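K.L.:
So the sequence lines, in the order shown, correspond to chains A and B.
To convert, take the position in the first sequence, counting from 1, and add 16; that gives this note's numbering.
To convert, take the position in the second sequence, counting from 1, and add 16; that gives this note's numbering.
None of these hints come from the bench; they were simulated from the model.
Everything numeric in this text was worked out from a predicted model, so none of it was measured.
Keep in mind that a hint or two might mislead.
Identical copies carry no separate label here, and so any pair may be met within one copy or between two of them.
Lysine to aspartate or glutamate pairs mimicking DMTMM-like chemistry, simulated, CA-CA at most 20 Å apart [said to hold, decoys possible]:
#, residue 1, residue 2
1, Lys73, Asp116
2, Lys59, Glu77
3, Lys59, Glu156
4, Lys167, Asp99
5, Lys59, Glu128
6, Lys59, Asp159
7, Lys167, Glu156
8, Lys73, Asp137
9, Lys73, Asp159
10, Lys73, Glu156
Protein chains: 2
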Amino acid sequence: MTQDMTQEINNPDSNGRRPYSDVIERLRSVGLRPPRPRVGLGKMLLDGRDRHLTAEKLHAEAQAAAIPVSLATVYNTLHQFTDAGLLREIAVDASRSYFDTNTADHHHFFFEETGYLEDIDGDRVAIAELPEPPAGTRIERVDIVVRVSGKT
Amino acid sequence: MTQDMTQEINNPDSNGRRPYSDVIERLRSVGLRPPRPRVGLGKMLLDGRDRHLTAEKLHAEAQAAAIPVSLATVYNTLHQFTDAGLLREIAVDASRSYFDTNTADHHHFFFEETGYLEDIDGDRVAIAELPEPPAGTRIERVDIVVRVSGKT
DNA sequence: CTATAATTTAGAATAATTCAAAAAACTGTT
DNA sequence: AACAGTTTTTTGAATTATTCTAAATTATAG
């Protein structure tokens with residue numbers, strides 16, 4: 017390897033695209049450096065698709081995509097991204113953590129049988145009334161989970 | 017012990033109260049038999065107080081109340097009660113399961129720093145608009161979690 | 001290119017929960 | 001009150017998700 021990876025990563029690839037630079041910029045903008053595993057995961061997580069992933073699933077996908085990251089790094093990265101506001105953590109199932117690549121205002125359908133999550137755009141829900149937050153606190157977020165089950 | 021426990025349990029105690037019979041009736045009404053550990057936990061869970069408990073906390077309370085149940089039984093019982101509709105399971109924190117003794121229509125404040133949960137009566141919240149459930153499904157429940165954090 | 005700091009890694013450790021097999025308790029029937 | 005059949009509980013091991021730790025690697029600034 018004659019050329020170092022920092023360069024290779026930022027330059028246009030053989031198709032003329034610059035596959036990593038967007039991710040690197042986003043990472044930089046939230047104060048995260050761009051080591052290769054983090055960038056690799058960033059590319060999978062921050063490509064604009066709205067997805068709900070567990071750490072295990074992301075790890076498996078990374079392996080499949082020939083991005084060799086350890087599970088510990090997957091966990092670290094998910095939490096770093098969440099802290100930086102690039103992801104959101106959702107609690108629906110008590111035993112697994114789901115990370116949501118959609119950080120816009122939105123809510124979820126939760127399919128009780130399958131554990132599947134589906135986004136509900138924020139503008140399709142209207143909360144007409146909500147109590148004041150307890151004294152000394154401020155509302156960070158309102159999460160709505162609509163639990164549905166198959167009619168059968 | 018000359019008298020068997022089944023009787024003792026159903027009869028008025030020395031204060032003239034019948035501490036177990038209500039619980040036993042409720043269990044029976046949902047198809048659960050009244051073995052002693054289950055009744056003991058039922059007494060702690062179904063006494064009308066609105067509480068949010070983890071399995072560990074309930075186990076500790078039971079020990080403290082001289083109701084010797086194993087942790088496995090606590091888990092079994094919590095799930096049986098939940099399946100029977102006597103409790104509700106809440107997912108807010110990914111790592112712990114909370115069981116809610118309040119099964120009426122209501123929602124929650126979640127204090128992010130402490131993990132504490134506070135009830136919001138169902139009539140203090142109004143949802144003006146909600147999308148149709150996905151085809152082939154029916155809404156089981158709408159859970160709203162208002163995440164708050166200390167102003168400091 | 002080197003020194004320093006940050007990051008990743010593998011694997012051990014932890015925490016919550018579930019499972020499995022044996023022991024105990026409950027039920028309905030005599 | 002005793003019996004047989006079933007349910008429930010128990011203990012401790014097993015599992016699963018996640019976190020931690022120390023060493024090795026990689027990135028950054030000078």
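K.L.:
Hint by hint, where does the structure go against what was stated? Just the numbers, ascending.
P.N.:
Violated hints: 3, 5, 6, 8, 9, 10; rest satisfied.
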